[in-house]
Structures are given as structure tokens and as C-alpha cells.
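Trainee: Can you make the complete structure from the sequences, with help from the hints?
Chains as they are written, first to last, in my numbering: chain L, 5 to 319; chain B, 88 to 309.
Hints are supplied without guarantee of correctness; some may be wrong.
Example chain L residues on the side facing chain B (calculated, C-beta under 8 Å, incomplete) [to be verified]: (1) MET123; (2) VAL125; (3) ALA177; (4) PRO180; (5) VAL308; (6) LEU309.
No more than 25 Å apart at the CA atoms, straight line, and that leaves these computed lysine to any residue pairs for SDA-like [as the list claims (entries may be wrong)]: (7) LYS59(L) / GLN39(L); (8) LYS290(L) / PRO92(B); (9) LYS290(L) / ALA120(B); (10) LYS290(L) / VAL192(B).
Okay, the calculated bits of chain B under chain L, using three or more residues with CB under 8 Å as the criterion [unchecked claim]: (11) 95-104; (12) 186-192; (13) 196-203; (14) 210-223.
Calculated directly from the structure, the hints in this document are not laboratory data. None of these values were measured; they are calculated from a predicted model. We put the CB at the ideal spot given by N, CA and C, even for glycine.
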Amino acid sequence: MNVFDWIVQLAGIALAVAAAPVFVGWVNQCRAWLQNKSAPSLLLPYRGIRKLFHKDAVIADNASRLFRLAPYVVFGAMVSAAAVIPTIATRMPFTQAADAIALVGLLATARLFLSLAAMDVGTAFGTLGARREMMIGFLAEPALLVVIFVFSLQFSTTALPMIAERLSAQAFALNPSLAFTAVAFTMILLAENARIPVDNPATHLELTMIHEALLLEYSARHLALMEWAAALKLFNYACIGIAVFIPWGIATSHEPLELAVSALLLGVKLLAAGLGLALIETVSAKLRVFRAPEFLATAFLFAVLGLLVRLLLGA
Amino acid sequence: MHALPWDLQLQNTLAALLLLLSFAMLSQRRIVALVDLLALQGALLGIATLLLAWRTGSRHLYFSAALTLGLKVIFLPWLLHRLIRRLGVYWDTEPLLNIAGTMLVGVLVVIFAFGLAQPISALASTATRNSIGIAVAVILIAFLTMITRRKAMSQVVGFLSMENGLFFGAMSATYGMPMIVELGVALDVLVAMLVLGVFFFQIREQFDSLDLKHFESLKEDQ
Numbered sequence: 005m006n007v008f009d010w011i012v013q014l015a016g017i018a019l020a021v022a023a024a025p026v027f028v029g030w031v032n033q034c035r036a037w038l039q040n041k042s043a044p045s046l047l048l049p050y051r052g053i054r055k056l057f058h059k060d061a062v063i064a065d066n067a068s069r070l071f072r073l074a075p076y077v078v079f080g081a082m083v084s085a086a087a088v089i090p091t092i093a094t095r096m097p098f099t100q101a102a103d104a105i106a107l108v109g110l111l112a113t114a115r116l117f118l119s120l121a122a123m124d125v126g127t128a129f130g131t132l133g134a135r136r137e138m139m140i141g142f143l144a145e146p147a148l149l150v151v152i153f154v155f156s157l158q159f160s161t162t163a164l165p166m167i168a169e170r171l172s173a174q175a176f177a178l179n180p181s182l183a184f185t186a187v188a189f190t191m192i193l194l195a196e197n198a199r200i201p202v203d204n205p206a207t208h209l210e211l212t213m214i215h216e217a218l219l220l221e222y223s224a225r226h227l228a229l230m231e232w233a234a235a236l237k238l239f240n241y242a243c244i245g246i247a248v249f250i251p252w253g254i255a256t257s258h259e260p261l262e263l264a265v266s267a268l269l270l271g272v273k274l275l276a277a278g279l280g281l282a283l284i285e286t287v288s289a290k291l292r293v294f295r296a297p298e299f300l301a302t303a304f305l306f307a308v309l310g311l312l313v314r315l316l317l318g319a
Numbered sequence: 088m089h090a091l092p093w094d095l096q097l098q099n100t101l102a103a104l105l106l107l108l109s110f111a112m113l114s115q116r117r118i119v120a121l122v123d124l125l126a127l128q129g130a131l132l133g134i135a136t137l138l139l140a141w142r143t144g145s146r147h148l149y150f151s152a153a154l155t156l157g158l159k160v161i162f163l164p165w166l167l168h169r170l171i172r173r174l175g176v177y178w179d180t181e182p183l184l185n186i187a188g189t190m191l192v193g194v195l196v197v198i199f200a201f202g203l204a205q206p207i208s209a210l211a212s213t214a215t216r217n218s219i220g221i222a223v224a225v226i227l228i229a230f231l232t233m234i235t236r237r238k239a240m241s242q243v244v245g246f247l248s249m250e251n252g253l254f255f256g257a258m259s260a261t262y263g264m265p266m267i268v269e270l271g272v273a274l275d276v277l278v279a280m281l282v283l284g285v286f287f288f289q290i291r292e293q294f295d296s297l298d299l300k301h302f303e304s305l306k307e308d309q
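Mentor: If you want it as C-alpha cells, here you go:
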């Protein structure tokens, strides 16, 4: 490990943390365009976060230390996840420290603290949100793990950078099991990030909200960190998807030129991913909360089918 | 990893899609959509047969592809849609098991089918021998569709889907059955469908419903 590796790694993390709110802004902008509305600024999420940082925090009387700690833990978990995912280059110090299963564990830690903090104050909405979040989580996690197993079966590794390298080295071939897995992963992404078929990120309607219900008791800098962590989570999921399904162009060495090309390609892929996400959200209607398990069961089924097809056809 | 020729890649993709469609049929509650899925399954089967015919150059596979497209994609779905309209049965009632449970059983059935097909694939010498497991899975899932439904209409769709699976299995294992057998089966399915169409009206006249649970009253009184 030389110094340059570490510089690239830290720059990658800083880039991810900085780009996440912009990515959310881009998705919102695309969605507004698709719905014939005038679009908000790309930097709107940033402005919201800055505004929140300037306010004074209000905390409920009966909140425990966990409530204050949770935003930092959640944000920290998301930043570590961003460090583990190979975004620009595959051979970086942190990306080799943890594999995809550890990554799922990191995301689960964030979910655990988010839900505990929501239940901590003891309001009805927080508890309701936490329960729903857990319901989604316990169905989405196994599906995500099966998605990872499809890759580990195909490339005999659970490390994301190795998967990205081996897939991008392969000649292009029709791959039904990866196609099924991609569908499963997209559905998991939508469910985990509280996007439209499962939750609506733009409403506070009490009967349907999941993510917003978890954050109701937070204000000021705590809320800002939570919002930023949510943006980072969406960004992380998009980067996982790009790393395992369309890794072509990712840098395998640390030549400055290759890194620049890789970063540029990542930007283009993220723009396309945001547009696709907005498109899915525009054409689909929100499901009732009780239909969400069915949605995730379908995702699980797609992932399992990918696994079975892979086992049988060897394709 | 060695790269397969493009038509075999496409063949594998079609096989995977057939399996996916079987699961879609297993979970579908609306009978109209079920018939559309059946037509789609027939279309995929027809394309797979065409590809295989092109690969092996055997003329009778072209015939069976044409037969599949004509019979299973156009004629039978048209007949079924007409029957649905005339009988006015657009909805199936709740299946006997809930959807998620049925899916889980479906996955187990697929694993069983794969295990079952492994020795057959090992013996077969065709280029498409890997798909045999999928064909067996399609047959068993269609069977499961029939078991979990109560209405006569969905049972018939399950039956036709099972026939699709059998056809696909024969194709992958031995490049299709002899022409005369295939013609016979096609004719059988056609006649069975026509007879069942008449039968539906008889059942409805007798019981005022297409729900097969009424058949239990036909048992002799003890």
C-alpha cells in the first residue's frame, strides 16, 4: 500500500459523500420533468441540509443517549459502506477490507440504530415506522444476500471488487441469471430506499409513511445527518448495482488517466441510473403497506430463480 | 468461462424466461391475464423451436414451430378468450394456498425437478440438454397451478401449460418427438380443448358455477 492509494481512496469517499445529495437532487429533477413540473434545483438537498445545520436541535425530554447517538452511527455506517463499495477503482485499501456480506451487515447496523432510535422516544408514529422498516428489512435482506450468492456462485468470490473485475474482463454474453438478479436488485433498491412502490419519499401521510415516520422526532443537525445518510444509502445502492451489473470501464490500476475515465463513466452511469429510477417511480403506483411483503417476495423469487437458472444452465 | 454460440445463449435465455413465465402463471389471479401468459409461453416455445430447427437443420422442427405458433399462440388463446367472454368468468377465486406459500412450494418443486433431470441431462447428447431440468420444472409448476386452483377455466390453462412443458422437454432431450407423434399430440390438445369448451357450458348448466368443489356432490352417498 503506498500513499497514493490512500489518497485515491479518501478522495473516493469524499466524492461519494459530496455527490450523494446531488444524486438525490438529480432523481427529483428527473421525476419533476417526467411529471411535467418545473424541476427544483440540483442543489436543493444541499440547501436543506445546510439550513438544518444552522438550527438549534430540539430533543424530547425522555430521549435516551441512544437517540442522540443514532444519527452519528447511521451516518458513519453509510460512510463506511461507501468506502467498501468499489466506485472508481477496484484495488483500493478499504474495498479489500470487507466483502459484500459485511456490507449487508453494515447496512443492517444502520437500520437497527435507526429503528431503535425511532422507538426510543416512545411516540406512536416512531414505533409504527420502526416496525414497518423492520418488516421491509427482514424481507429485503435475504433477497439481497441471495443476489450476492448468485455472484459468488458465478465468480467464486463475495468481494465486490473481484466481482467487478471478473465481470468486466468477460466477453459479452446473454446471461439470464444476471438479468433476473438485476430485476431482483432493482426491486430491493426501491424497497430499501423508501422509493415509490413501497414508500413515498415526498409525503408525510401518516397511514403510509415508513421512512419519514422514523425521523419525525429528529430536528436540526441530527435530522440533517439522517437525511444525508438516507441520500448516501441511495447513492451506495446505485453504486453497488453499477459495480456488479455494469462494471465496464472501472479502473483496475491507479493510472491517473484511467481513474479519470472511470470517474467520468461512473458519473454517466449514475445519471442514467437516476433517470431510470425516476422513470420507475413515475410509472408505478404506491402499493398498500400490506402488499409490500408480496413485492419483496417477488424480488426474492427473482433472485432465487437467478440462482437456480445459474445452477442448472451454467449460464 | 468459455463462450457459447449465440443461438445457444438465446436458447438458454428463452428457457429461463419460460421458467419465469411459469411462476408468473402460478401467481396470477386473473384468468384473462393467465390466458395471455399462456400465449406468451407458446410464443417463446415457438421461437425456441425455430432456433433449434435452424441449428439442427431438421425440417420437422420447422413444422412443429409453425404448429406451435399457429395453435398455441393464436388459436387456443383466441378460443379461451371467447369462452371467457361467453361464460363471463373474469376472476378466479382465491387460490387454495396464499400466493407467497404457493411460490415457496414452487421453488421447492423447481429444486426437485432439477435434481430429477440431472441424470437425464447427463445421458442426453443434445446441445440443449441443460434445459431438460427447466422443462421438468415447467411441467411440475403447471401441475401445481392446476392443484392450487378451483375453477375449471384455470385448470385447463394449467393443463395446456403442462403440455407446453412436455413439448419443451421432448425438444431439449431429443430434438423433438417424431413428426407423427407431435401431430397426434397437437390434434389431441385441440380436440380436448374443443370438448372442454362444450364441457364448461355443461358444468355451468348443472351446477350454476365453474367451481370444481361442486363435483364432490357427485360422489355416491355412503
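Trainee: Now tell me if each hint is right for this structure.
Mentor: Evaluation of the provided hints:
| no. | hint | in the structure |
| --- | --- | --- |
| 1 | MET123 | violated (27 Å) |
| 2 | VAL125 | violated (34 Å) |
| 3 | ALA177 | holds (6 Å) |
| 4 | PRO180 | holds (3 Å) |
| 5 | VAL308 | holds (6 Å) |
| 6 | LEU309 | holds (6 Å) |
| 7 | LYS59(L) / GLN39(L) | violated (33 Å) |
| 8 | LYS290(L) / PRO92(B) | violated (42 Å) |
| 9 | LYS290(L) / ALA120(B) | holds (21 Å) |
| 10 | LYS290(L) / VAL192(B) | violated (28 Å) |
| 11 | 95-104 | holds (count 7) |
| 12 | 186-192 | holds (count 3) |
| 13 | 196-203 | holds (count 3) |
| 14 | 210-223 | holds (count 4) |
Violated hints, listed in ascending order, are 1, 2, 7, 8 and 10; each of the other numbered hints is respected by the structure.
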